[in-house]
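Trainee: As given, the protein sequences belong to chains W and Y, one line each in that order. By the count of this note's numbering, the first sequence reaches residue 288 at its end, each step adding exactly one. By the count of this note's numbering, the second sequence reaches residue 125 at its end, each step adding exactly one.
Rather than coming from a laboratory, the hints here were simulated on the basis of the structure. Glycine included, each C-beta is placed from N, C-alpha and C at the ideal position. Keep in mind that the hints are not guaranteed to be accurate.
As the list claims (entries may be wrong) - With a cut-off of at most 30 Å between alpha-carbon atoms, the simulated DSSO-like pairs for lysine-lysine come out as follows: (1) W:LYS97 x Y:LYS48; (2) W:LYS97 x Y:LYS115; (3) Y:LYS115 x Y:LYS38.
Unchecked claim - One side only, chain Y facing chain W, incomplete, derived with CB under 7 Å: (4) TYR44; (5) THR64; (6) ALA68; (7) ARG71; (8) GLU73.
Stated by the list, open to error - Using C-beta positions, here's what the derived DEER-type ranges look like: (9) W:ASN232 x Y:ALA114: 54 to 64 Å; (10) Y:GLN106 x W:GLY199: 55 to 65 Å; (11) W:TYR203 x Y:SER18: 19 to 29 Å; (12) W:ILE202 x Y:LYS51: 51 to 61 Å; (13) W:LYS235 x Y:PRO98: 20 to 30 Å; (14) W:GLN89 x Y:GLU110: 50 to 60 Å; (15) Y:GLY74 x W:GLU114: 28 to 38 Å; (16) Y:GLU110 x W:HIS205: 52 to 62 Å.
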Amino acid sequence: MEERLQKHISILFQNMPQDDNTEEIKAEFTQNLIDKYHDLLAEGKDPETAFSLTVASIGNINDLFPNDNIPTQTMVDKQKKRSALLTAGAIMLYILCVLPPIITDMFGSQYYVVGAALMFVMVAVATGMLIYNHMTKYKPAQNENMVNDFKQWQSGRPSKNTVKRQVSCIVWCVIIIAYFVVSFLTGAWYITWLLFIVGVLVNQIVNLCLSLGRKEQ
Amino acid sequence: MSIASDLIRGHTDTIILAQLKKGDSYGYQINKYIKMCTNGGYELKEATLYTAFKRLEGNGFIRSYWGDENTGARRKYYSITPVGDAVYTQLLQEWNSAKQIIDQLVAGE
Numbered sequence: 072m073e074e075r076l077q078k079h080i081s082i083l084f085q086n087m088p089q090d091d092n093t094e095e096i097k098a099e100f101t102q103n104l105i106d107k108y109h110d111l112l113a114e115g116k117d118p119e120t121a122f123s124l125t126v127a128s129i130g131n132i133n134d135l136f137p138n139d140n141i142p143t144q145t146m147v148d149k150q151k152k153r154s155a156l157l158t159a160g161a162i163m164l165y166i167l168c169v170l171p172p173i174i175t176d177m178f179g180s181q182y183y184v185v186g187a188a189l190m191f192v193m194v195a196v197a198t199g200m201l202i203y204n205h206m207t208k209y210k211p212a213q214n215e216n217m218v219n220d221f222k223q224w225q226s227g228r229p230s231k232n233t234v235k236r237q238v239s240c241i242v243w244c245v246i247i248i249a250y251f252v253v254s255f256l257t258g259a260w261y262i263t264w265l266l267f268i269v270g271v272l273v274n275q276i277v278n279l280c281l282s283l284g285r286k287e288q
Numbered sequence: 017m018s019i020a021s022d023l024i025r026g027h028t029d030t031i032i033l034a035q036l037k038k039g040d041s042y043g044y045q046i047n048k049y050i051k052m053c054t055n056g057g058y059e060l061k062e063a064t065l066y067t068a069f070k071r072l073e074g075n076g077f078i079r080s081y082w083g084d085e086n087t088g089a090r091r092k093y094y095s096i097t098p099v100g101d102a103v104y105t106q107l108l109q110e111w112n113s114a115k116q117i118i119d120q121l122v123a124g125e
């Protein structure tokens, strides 16, 4: 039962900053709660009741941590607005990126490179905007949902999945840019599509490396 | 019990300082004492108690140290500092005068 208490505390403190301070609080809580649990047993409570009473006496642990990483509603609204702006702007750039080649083409084929270069700059900026938006987005901690917490706790550190997604996003952007650069420069459109298969390969290798790295930990 | 529990919560700091004045102690022991004095009617939540300890320690009223328990698990003890002692005396005075005022205010005659 003591292990159960310890496990309960670990899950409870899951979303808190994992530092020495939290470890100290956990150790202190665990000791106090184990004492309480044994006292309740000594009073004649059955183990299940004693466990529930002990757990209930913990109270609200959010009070223990300064709330500076929990944004207010206005901050969330502001972030949503910014996020929408970035995404919309990026998509607009993607759509408009074909314009420079078309326009420069009208002035003559010698400006062709300028048009292509402008197009790639636009694609790169748009992609950068999307990645920046994704990385800085505030994701609310789901500490109300114990089941989710437990699932996440079982599947390991959640940050790894985020890293995986971001790496995959970057890999694909690079592949797309490389596809267009190589294709425009060589004109070998009939074969350059193979780059996408290379992309799948690179993505899988990266995923494998990340998974192996996690296992070693 | 609701007036009593409000008062207890409002004087957590004084209660902790009073207990530590008697000797070094730890969270559960203090909570157990509160429970005993209220005939099991009231006890502080672990988080409330811890927040109070942190606040008192931050103000330099108490000190904490890890005791070496023979039973295996380590326990965090708290002890009162001279500053805490002075603050306790002041808090006690304030409480006594407040008690007098309330007694007068709620007296029926």
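Trainee: Give a verdict on every hint.
Mentor: Each hint, compared with the structure:
At most 30 Å may separate the alpha-carbon atoms for a hinted pair to count; LYS97 of chain W and LYS48 of chain Y meet this at roughly 20 Å. Restraint check for LYS97 of chain W and LYS115 of chain Y: not satisfied, since their Cα atoms lie roughly 38 Å apart, outside the 30 Å limit. About 23 Å separates the Cα atoms of LYS115 of chain Y and LYS38 of chain Y, which keeps this hinted pair within 30 Å; it holds. For TYR44 of chain Y, the interface hint holds, the least distance from its beta-carbon to any beta-carbon of chain W being 4 Å, beneath 7 Å.
Among the interface hints, the one on THR64 of chain Y holds; its C-beta lies about 6 Å from the nearest C-beta in chain W, closer than the 7 Å criterion. Among the interface hints, the one on ALA68 of chain Y is violated; its C-beta lies about 11 Å from the nearest C-beta in chain W, farther than the 7 Å criterion. Here the hint on ARG71 of chain Y is broken, as its CB sits about 11 Å from the closest CB of chain W, past 7 Å. For GLU73 of chain Y, the suggested interface contact is broken, since its CB lies about 12 Å from the closest CB of chain W, more than 7 Å.
A hinted range of 54 to 64 Å holds for the C-beta pair ASN232 of chain W and ALA114 of chain Y, which are about 56 Å apart. A hinted range of 55 to 65 Å for the beta carbons of GLN106 of chain Y and GLY199 of chain W is consistent with their spacing of about 60 Å. The hint said 19 to 29 Å for the Cβ distance between TYR203 of chain W and SER18 of chain Y, and at roughly 52 Å that hint is violated. Look at ILE202 of chain W against LYS51 of chain Y: about 55 Å separates their beta carbons, and that is inside 51 to 61 Å.
For the hinted restraint 20 to 30 Å between LYS235 of chain W and PRO98 of chain Y, the CB-CB distance of approximately 56 Å leaves it violated. For the pair GLN89 of chain W and GLU110 of chain Y, the supplied restraint of 50 to 60 Å is violated, since their beta-carbon distance comes to about 40 Å. Remark: the range hint 28 to 38 Å for GLY74 of chain Y to GLU114 of chain W is upheld by a beta-carbon distance near 35 Å. Checked against the hint of 52 to 62 Å, the C-beta distance between GLU110 of chain Y and HIS205 of chain W comes to roughly 55 Å, which is consistent with it.
Comparing the model with each numbered hint stated earlier shows that hints 2, 6, 7, 8, 11, 13, 14 do not hold.
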